[in-house]
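Chains as they are written, first to last, in the numbering used here: chain A, 1 to 475; chain B, 1 to 475.
Hint data in this document are derived by calculation from the structure and do not stem from the laboratory.
Hints are supplied without guarantee of correctness; some may be wrong.
One copy or any two copies: either way a pair holds, since identical chains are not told apart in the list.
What the hints assert, rightly or not - In the SDA-like style, the derived pairs of lysine to any residue whose C-alpha atoms are separated by at most 25 Å in a straight line are:
no.: 1; residue 1: Lys129; residue 2: Ala66
no.: 2; residue 1: Lys95; residue 2: Arg248
no.: 3; residue 1: Lys61; residue 2: Tyr247
no.: 4; residue 1: Lys284; residue 2: Val104
no.: 5; residue 1: Lys357; residue 2: Arg222
no.: 6; residue 1: Lys319; residue 2: Pro59
no.: 7; residue 1: Lys380; residue 2: Ser180
no.: 8; residue 1: Lys61; residue 2: Gly250
no.: 9; residue 1: Lys148; residue 2: Ala132
no.: 10; residue 1: Lys168; residue 2: Ser144
no.: 11; residue 1: Lys268; residue 2: Asp158
no.: 12; residue 1: Lys197; residue 2: Pro177
no.: 13; residue 1: Lys129; residue 2: Asp87
no.: 14; residue 1: Lys349; residue 2: Lys380
no.: 15; residue 1: Lys61; residue 2: Arg249
no.: 16; residue 1: Lys380; residue 2: Glu254
no.: 17; residue 1: Lys197; residue 2: Glu145
no.: 18; residue 1: Lys258; residue 2: Ser120
no.: 19; residue 1: Lys258; residue 2: Ser117
no.: 20; residue 1: Lys262; residue 2: Trp122
There are 2 protein chains.
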Amino acid sequence: MARPGLVVAVSLWCLTLASSPCATASSPDWCRLALPLRAEVSRYRPIVNRVLQYVLHGPYKGRTWAELARFTDTFGSRLAGTANLEDAIDYVTGKLRAENLDRVHGERVEFTGWQRSNESAWLVRPRVKNLAMLGLGGSVNTSSEGIKAGVVVVTSFDDLANKSSQVKGKIVVYNQPYVSYGETVVYRSRGASAASKYGAVAALIRSITPFSLNTPHAGQQRYSDGVRPIPVACITVEDAELLDRMYRRGIELEILLKMDSKFFPNAKSRNTVAEIKGTTHPEKIVLVSGHLDSWDVGQGAMDDGGGAFISWNSLVVLKNLGLRPRRTIRCLLWTAEEEGLIGAQAYLKGHKSELDKFNLVIESDEGTFQPYGIEFHGSKNAACIMNEIAGLFESINATKMVLSKENVGSDIEVFENINIPGASLLNRNEKYFWYHHTEADTMAVEDPDSLDLNTAMFALISYIVADLFVDLPKS
Amino acid sequence: MARPGLVVAVSLWCLTLASSPCATASSPDWCRLALPLRAEVSRYRPIVNRVLQYVLHGPYKGRTWAELARFTDTFGSRLAGTANLEDAIDYVTGKLRAENLDRVHGERVEFTGWQRSNESAWLVRPRVKNLAMLGLGGSVNTSSEGIKAGVVVVTSFDDLANKSSQVKGKIVVYNQPYVSYGETVVYRSRGASAASKYGAVAALIRSITPFSLNTPHAGQQRYSDGVRPIPVACITVEDAELLDRMYRRGIELEILLKMDSKFFPNAKSRNTVAEIKGTTHPEKIVLVSGHLDSWDVGQGAMDDGGGAFISWNSLVVLKNLGLRPRRTIRCLLWTAEEEGLIGAQAYLKGHKSELDKFNLVIESDEGTFQPYGIEFHGSKNAACIMNEIAGLFESINATKMVLSKENVGSDIEVFENINIPGASLLNRNEKYFWYHHTEADTMAVEDPDSLDLNTAMFALISYIVADLFVDLPKS
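Work the whole structure out from these sequences, hints included.
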């Protein structure tokens with residue numbers, strides 16, 4: 001998944017309000033960080049150099065990519081609720097144990113799973129054309145004969161409202177332009193409900209992407225309360241445009257849609273946990289995370305194999321280098337993120353008593369492309385410290401610090417929502433949504449050097465925050 | 001299709017050998033064009049302005065795109081040998097007649113057609129994974145149970161030779177890197193034969209493309225004489241890399257390949273012809289062309305709907321503006337290009353007696369992206385004239401002239417091979433092979449303004465060459 005407000009897509013205010021733009025880590029005017037604290041952060045410079053040397057040029061070079069490749073090549077996609085995901089979790093758990101990380105274990109999560117079966121969409125009038133498609137997570141099925149119906153093409157919710165009188169008994173095709181993921185994904189998540197309100201029998205949504213090679217994108221959707229649930233799938237940008245052109249010419253279109261899937265009311269999975277236990281404040285937590293589950297298309301290499309693997313590899317790097325901080329670094333490999341942050345929500349519920357000990361929650365779920373800094377969500381005082389830390393990444397050109405008004409993760413938003421500071425890496429993820437939730441989410445997206453940079457930065461940010469004399473201030 | 005030596009891929013020598021590079025149309029040192037001829041070419045400037053005004057800003061603006069969209073939306077892919085292509089040819093023929101072009105007719109072509117039926121490839125060991133694939137044109141079938149066999153992955157013909165002792169009874173997977181279309185397409189065209197020589201039972205070729213979203217590419221292949229024909233298909237870049245990684249790890253791979261297709265020994269189609277008959281030398285010909293057939297995936301909008309449509313629209317533009325040149329401009333919309341220039345070869349055979357009257361053959365089969373000049377294959381003396389003509393396209397930044405040592409077209413190569421000058425447009429087709437022979441060859445690739453520029457340039461180049469006082473010199 002990806003949070004709607006992903007940094008490629010939304011406006012963020014930059015920490016550096018003075019003349020110098022946020023490309024450098026020079027302190028902004030309003031940062032009045034006590035000199036001893038600035039000095040303390042700068043004292044981590046030798047550790048920064050040591051970790052970067054070890055991961056970028058030393059024995060760990062290329063290892064995150066190699067581990068991720070072996071993992072995704074072995075298991076492929078890892079839909080929550082499948083035995084394949086559980087096997088994949090066992091495999092990673094074994095890795096974490098073999099690395100002698102602390103307190104390696106799984107924490108049970110229960111949920112209603114969903115799994116696609118046979119599905120297809122065909123334009124049958126005025127000509128026969130297969131429409132590449134992916135049923136959306138949580139969609140209801142058609143009958144086995146499918147739904148054959150006329151078509152109304154709309155380009156927005158407003159356009160749907162204008163054409164509402166024509167919609168009854170029809171399949172609504174959304175050909176909304178792509179603006180940004182955050183602004184456009186509402187058509188995927190709410191398009192079926194909006195169409196059903198006017199009596200549509202199914203909805204086909206143009207995939208949420210700025211670029212397509214006739215590529216359908218999967219994703220989750222939810223029915224609004226009180227509307228009749230109708231089958232809903234994503235089709236390709238190209239086919240949505242084709243249908244729109246034909247519709248505008250006044251051609252009567254008919255589509256045959258067949259969708260079959262199963263719901264599993266008592267699906268079980270696990271969040272996977274490993275730690276480097278803190279020396280003096282083991283009860284205080286810096287959490288570093290990604291999700292192990294994926295959609296059922298592609299190989300889940302980018303979303304979110306990369307994020308999960310830089311998370312646990314960052315702990316292995318620290319362990320190998322004997323770097324044990326004052327506080328505990330806890331690695332969380334979430335499950336069932338794609339179905340709606342189910343693993344993270346279960347974790348929050350199960351760990352209420354210790355949440356006040358959480359100093360920082362870190363996540364990578366927006367690509368592990370070349371990083372160029374830190375995105376942070378929290379207080380300005382905490383941001384000033386993060387800014388100092390970002391300044392340590394000069395040698396890898398990753399000193400940018402952006403203080404976001406919004407959540408900076410998907411799973412970790414459950415923590416951010418209760419005022420726990422959140423962080424992720426800024427990375428060159430301009431093409432993230434080309435691959436997102438498609439068959440093209442494979443190892444071809446992942447670059448060994450970029451993964452090394454991500455692993456090293458995750459190791460260093462979590463280590464420094466976990467080791468500082470002061471907690472990250474919440475206000 | 002695309003000729004292997006497409007300009008994006010091969011080194012060409014530039015006409016302008018002097019200090020000024022070939023970006024301008026200034027005459028090269030060795031061009032000693034007689035002043036009256038230079039003056040004559042420059043006298044076409046008002047006509048150039050008139051045609052550009054009419055197509056880019058006047059009543060014809062956007063029409064090529066609109067015509068092409070309506071055509072591809074109506075017919076979709078147009079595989080040679082299908083009724084759909086014949087319907088599409090009827091449709092275009094009707095258009096040409098409605099425009100009152102001269103001598104509109106079809107010329108019969110016979111050939112052995114090939115049509116894919118059900119096909120699939122699955123990795124079945126060590127895990128089950130669908131491999132997106134497209135059987136290659138002319139491939140033999142598997143039995144209905146398919147071929148289940150172990151796998152040898154190679155990265156080149158040399159690598160295949162090194163591993164030849166392991167190949168017997170196996171499926172050979174080619175994971176050759178993409179260098180250029182011209183250099184890499186030999187794996188598609190000859191990979192099956194090379195593998196069969198060592199006893200392989202089937203071959204799977206990494207698709208010939210620099211970029212993929214798990215996109216399989218179709219194409220033609222040919223068996224060498226004397227080898228046992230084995231089934232052959234293209235798989236995706238991503239899957240070829242996946243199989244290669246697993247193979248290198250020593251994992252035993254097994255693939256189940258099922259392919260079914262039909263050969264039609266007596267398929268019939270037509271080359272489509274229209275003319276603007278010359279005023280004083282109607283027997284002399286400037287030919288302007290593209291092919292109407294396509295592969296059976298995608299919509300054939302780029303390959304080669306665009307090329308065919310700028311060809312016939314360029315005649316309509318001239319007709320509408322009352323521009324009738326001294327020589328005849330003949331529009332040829334080839335058939336069965338994808339199966340190996342079958343329409344063009346039949347045409348050559350049927351028109352032997354008039355070939356000495358052909359002044360120039362023009363083709364567009366490498367995309368109708370933004371044009372920036374002319375690519376020419378012929379004598380230096382002719383090139384000097386083409387250079388003068390290119391100079392007329394200053395206002396649209398399309399003055400570049402490249403004299404190619406190789407053929408500059410696919411269909412027209414049959415004419416170029418017998419010393420008839422050939423020309424095509426240079427255009428910004430860097431991404432051509434992203435879409436080539438895939439489901440992504442749709443109207444989304446085509447841009448209205450670029451199509452206008454292509455149509456206008458085709459109209460003007462063919463008009464000026466057809467109208468000059470001198471024939472284009474062959475030596």
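Against the structure, the hints come out as follows:
Taking the shortest alpha-carbon separations for Lys129 and Ala66, only the inter-copy value of 20 Å comes in at or below 25 Å, while the best intra-copy value is 41 Å. In this assembly of identical chains, Lys95 and Arg248 lie within 25 Å of each other by CA distance solely across copies; the values are 21 Å between and 56 Å within a copy. In this assembly of identical chains, Lys61 and Tyr247 lie within 25 Å of each other by CA distance solely across copies; the values are 22 Å between and 54 Å within a copy. Taking the closest pair of Cα atoms, Lys284 and Val104 come within 25 Å of each other only inside a single copy of the chain (17 Å); across copies the shortest separation is 83 Å, beyond that limit.
When the C-alpha separation of Lys357 and Arg222 is checked against a cutoff of 25 Å, the pair qualifies neither within a copy, at 34 Å, nor between copies, at 68 Å. For a Cα distance limit of 25 Å, the shortest separation of Lys319 from Pro59 inside one copy, 14 Å, qualifies, whereas the shortest one across copies, 72 Å, does not. Taking the shortest Cα distances, Lys380 and Ser180 never come within 25 Å of each other, neither inside one copy (27 Å) nor across copies (52 Å). In this homomeric assembly, Lys61 and Gly250 come within 25 Å of each other (Cα to Cα) only across copies, at 22 Å, whereas the closest approach inside a single copy is 59 Å.
In this assembly of identical chains, the alpha carbons of Lys148 and Ala132 lie at most 25 Å apart only when taken from the same copy (17 Å versus 28 Å across copies). Only within a single protomer do Lys168 and Ser144 lie at most 25 Å apart by alpha-carbon distance; the minimum there is 22 Å, versus 44 Å between protomers. Taking the closest pair of Cα atoms, Lys268 and Asp158 never come within 25 Å of each other, the shortest separation being 40 Å inside a single copy and 50 Å across copies. Taking the shortest alpha-carbon separations for Lys197 and Pro177, only the intra-copy value of 22 Å comes in at or below 25 Å, while the best inter-copy value is 51 Å.
In this assembly of identical chains, Lys129 and Asp87 lie within 25 Å of each other by CA distance solely across copies; the values are 16 Å between and 39 Å within a copy. In the homo-oligomer, the alpha carbons of Lys349 and Lys380 never lie at most 25 Å apart, since the shortest distance is 28 Å inside one protomer and 80 Å across protomers. Taking CA atoms no more than 25 Å apart as the test, Lys61 paired with Arg249 passes between copies only; the shortest distance there is 19 Å, against 57 Å inside one copy. Taking CA atoms no more than 25 Å apart as the test, Lys380 paired with Glu254 passes in neither setting, with 56 Å inside one copy and 57 Å between copies.
In this homomeric assembly, Lys197 and Glu145 come within 25 Å of each other (Cα to Cα) only inside a single copy, at 24 Å, whereas the closest approach across copies is 48 Å. Taking identical chains as interchangeable, the C-alpha atoms of Lys258 and Ser120 lie at most 25 Å apart whether they share a chain (5 Å) or sit on different chains (21 Å). Within a single copy, Lys258 and Ser117 get their C-alpha atoms as close as 10 Å, and across copies as close as 21 Å, so both meet the 25 Å cut-off. Within a single copy, Lys262 and Trp122 get their C-alpha atoms as close as 22 Å, and across copies as close as 23 Å, so both meet the 25 Å cut-off.
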